[in-house]
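Colleague: Letter by letter, the chains look like this.
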Amino acid sequence: MPMTQWLRRAAFLAGGMLLLAGCEFTGLQSTLDPAGPIAQAQLDLLVWSYQLSWIVMIATFGVMAYVLIRFRRRRNDPDRIPPQFHGSAPLEIGLTIVPVLIVIAVAVPTVRTIFATETRVAPEAGDVIVNVTGYQWWWRFEYPELGVVTANELHIPAGRRVILNLDSADVLHSFWVPRLAGKRDLIPNQNNQLWIEAPDPGMYYGQCAELCLGAHAYMKFRVIAETDAEFEAWVDTFQTVDSRAVQGDPEVQRGYQLFTSKGCANCHAVQGYRDGAPIGTPDFPNLTNFGLRNTLAAGVLPNDRENLEAWLRDPQAIKPGNYMPQLWQENDPNADEEIAAVASYLLSLGTQSSPEAQASLGGSHGDR
Amino acid sequence: MAIGRRSTGSSADAGLLQRPHGSSGIASWLTTVDHKRLGILYMLTSGTFLALASIEAFVIRLQLAAPNQQLVSPDVYNQLFTMHGLTMVFLAIMPLGTGFANYFVPLMIGARDLAFPRLNAFGYWIYALGGLFVYTSFFLGGAPDAGWFAYAPLTSLSNNPGNGIDFYMIGLFIGGIGTLVTAMNLIVTIFSMRAPGMTMMRMPVFVWMVLVTAFMIIFAFPPLTIALFQVIMDRTFGTLFYVPAAGGLPILWQHLFWIFGHPEVYIIILPAFGVISEVIPTFSRKPLFGYPVMILSGIFIAFMGFAVWSHHMFTTGLGPVANTAFSLTSFVIGIPTGVKIFNWLGTMWGGSIRFATPMVYALAFLFMFVIGGITGIMLAMPPFDAQANSTYFVVAHFHYVMGGGALFAFFAGLYYWFPKLTGKMFSDRWALASFWFTFVGFNMIFMPQHFAGLLGMPRRVQTYDAGLGLEIWNLVSTAGTFVMGTGLIMAVLGFIHAFRSGQPAGDDPWDARTLEWSTSSPPPHHNFDEQPIATDRDAWWAKKYPDLAHADEGSEYEGVDFDAGGIHMPGQSWYPFLLSLAVFIGGYGVMYANWPLAILMGVVVVASTYGWAFEGVGGHHVHPRSSAQEGAGD
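One line per chain: the protein sequences are A and L, in this order. Under our numbering, the first sequence has 120 at position 120, and the numbering climbs by one with no breaks. If you want our numbering, it's the position in the second sequence, counting the first as 1, plus 368.
Hint data in this document are derived by calculation from the structure and do not stem from the laboratory. Just so it is clear, the structure is predicted and the values come from calculations on it, not from any experiment. For glycine and all other residues, C-beta sits at the position ideal for the given N, C-alpha and C. Hints should not be assumed to be uniformly reliable.
Chain A residues, not near chain L, derived (Cβ > 10 Å throughout) [to be verified]: (1) 92; (2) 185; (3) 254.
Cβ-to-Cβ under 7 Å is the rule here; a few derived chain L residues that face chain A [stated by the list, open to error]: (4) 703; (5) 823; (6) 856; (7) 992.
Simulated coverage check for chain A against chain L, where a stretch passes if three residues somewhere in it have a Cβ under 8 Å from a Cβ of chain L [claimed, not checked]: (8) 29–35; (9) 197–203.
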């Protein structure tokens, strides 16, 4: 329908010129730049109501402007007393019908979209299921069918439906990836579900959208949509993981030992760290294949050596309020060397410990 | 009148305390039962809280001016926005409406006071002390930090071990008592103390809206009280209402809170609608267009306000059926609201519009309320709400409704009634200059927040990253606080200047329509020398311009001497203040589990109630007509 399309464009342009002049709306976390079917449906509804709202505003403010100019008190006749009419029933009824019509025009597509985007779905063949658990202030992603547990970066295969089972381990959180889907809350003792789908590979920014105190502002995450092959390869790195340090790199070897002796292993699990007793607990971020991560501290910083060392040195400076302790005193003479070693070890996870998996990933896994 | 006469005199000596008599000095304010003095106290107190909340907002905006700033820590930041929201809703805007109601409802219905003057004083003191209680948290280990709706389980002892949440729960518990008793007082007053001839359908719309609001308060506050009580029990006595590990369902708090919380929004906005419905007719010199429709739509909004609470919870996973239901009920509220807007435009249509400061504020209200209403309809669409909820889009929306709506309407009321309150006239030029700063600043602050929200900025974050496209919107928003702050400071200076050295305003400077303008400015203690009689809607206008009024009904009251025995002025009393003070101190007892203190204060509460009950209404009679000077009996 070229006519409606033209109208849409005109309305958007009019609105755009008045309010949005010269501004970019395709941000990394922008709801106005949808990349999945749910976010698209949600934006369509906004656009429709936005167009209607311009009609309402132009009509209301137009009448208002007319009234204010036409019926202003005149200097030459300041004492005029206008006719004292009290109302008009036909006019009242007529003017009640107008908002009724507007409301109907909004309600019909709204209800349709509610059922399309919010109905609980049953898993079908090809769906990926992820159990998402919110913690103060990070995200646990568990793929029950694939045996993968990771934190803060949700890898999904592009073009396939991903069903998220949402739960919280402490307070309320809200899972929000604006470009893929509107938010859904993580509530203890309440089994919430959300599904997302990213048609194209790419990196999508997410953030907790429900106040959880402390480092709430820093409780971010990424959704990384990959081709089926890339996704399978990523999953494989978890199934073949060997997190013991590579022989021959003494610094990595030293970091591997410090990981236990400095107490990292009391909280953080690393799959395949040693045979027998596993390390860490499920209530802290699982660091398996940490070297493959794009970000650290729950999406706060790019994961590179410099940032990682700064993070290990003083976590509160980077993410105020978080639970990671400062493991090295400021005057600790060994701090620099030990921090560098731990960083080397962490960055080696997934990138060096399992050369086969590394090779199948085909090199860099950077920001797309 | 007979009631008053019977209890005047010796009953004062029967009480526990000497009945106070003074009409000046601090004691006279602590013991006053005069609705006008209490109205002024309400306005000054809510104005103070408004200033505090504005300072908190200013620090919040400074922190957000640029990405990754660390001006305040996340911890302090959480306290700031929690206190800002809590203060604005409970301690500033709602009581400002109560202040107007206190001062003007009796004057507008031609009464001499509220039905229960001492209860009125109690309502004020318990509100003021409840607010003070919450604010002492800043000096006693930190303010509440879980947001103004304090979602469980963020408020549980294990997640929030400080006393901040106790201040929130107990403070609102205390303040809620005042809101409730004042609501009941207003209902009785409006039902039983209207001037002869003032039928319900002749009442000013402001009075109508206060009546509707009072009923809303009575139905809305009990669920909040229950929820507060549950959390107080959880925190003080170890019950498990909201402890997930013990099977508690945090969602229950959200239901209980919003069953109160959404009506609360209308409790704030309906009196504001009432003010607008007084200001626009006066400055258009026309009666309100569609008076019965305006009242019915107000009642309808109030009724529907109880059927939309879950639209605050669209993202909590209620499912598509519940979301559809609450979406549709929310849309339906758009209809009476739209009707109100049309009727205000209809009132101006064909009028003779004078752009004095109150009217300009009312027009700004119309403009911003329409914008806030539209974004409200957008947010009532659950799929869009899934994106916008908990973002700056919502922040922008409710500031347009509560700030640009309610607050600007109350500013219209403040300027409209200032001459009546003080007998002085303000400078229109200065006030208009201040208006433009406030208006432009307000829109600078909140219009960009729509876009920040759509670009992915959640609310209640202490900072945000560069590179998400949020910088410019936040910078403009922060810049706006300086503009609006200038406007607000100018307004305060203007009020002070006008109060000190304004020109005498006269009794009826606006050629207004309702009875409060028929008496002197400021009104005498007994409000009216002669009992006013309402022969039409806009009773004062009908008296001024009898040719333009409907009919000369009311002749039945001609020659009736309503004040034959003099006008009874109730006696002042220490008990309302004492009772409030005991509840206030007892609050600390409960919070710190200091049971001897709590029990002692409980005893004081009982004793004060006893003293209050047995001292009688007291007071004296004035005979304004028989004495040469006005208010000689005071």
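Colleague: Can you verify the interface hint for residue 823 of chain L: is its Cβ closer than 7 Å to any Cβ in chain A?
Modeller: holds, 5 Å
Colleague: Double-check residue 703 of chain L for me: the hint is only fine if its C-beta lies closer than 7 Å to a C-beta in chain A.
Modeller: holds, 5 Å
Colleague: A cut-off of 10 Å on Cβ-Cβ distance, and residue 185 of chain A was said to be off the interface with chain L. Does that hold?
Modeller: violated, 5 Å
Colleague: Count the residues of the segment 29–35 of chain A whose CB lies closer than 8 Å to any CB of chain L, then report whether that count reaches three.
Modeller: holds (count 4)
Colleague: Has the segment 197–203 of chain A got at least three residues whose CB is nearer than 8 Å to a CB belonging to chain L?
Modeller: violated (count 0)
Colleague: Close enough to count: is the Cβ of residue 992 of chain L nearer than 7 Å to one in chain A?
Modeller: violated, 31 Å
Colleague: Hint residue 856 of chain L vs chain A: min CB-CB distance below 7 Å?
Modeller: This hint is violated: residue 856 of chain L lies away from chain A, its Cβ roughly 25 Å from the closest one there, beyond 7 Å.
Colleague: Report holds if the minimum CB distance from residue 254 of chain A to chain L is greater than 10 Å, and violated otherwise.
Modeller: holds, 33 Å
Colleague: Beyond 10 Å on every Cβ pair: is that true for residue 92 of chain A relative to chain L?
Modeller: violated, 5 Å
When the structure is compared with the earlier hints, violations turn up for hints 1, 2, 6, 7, 9 and for no others.
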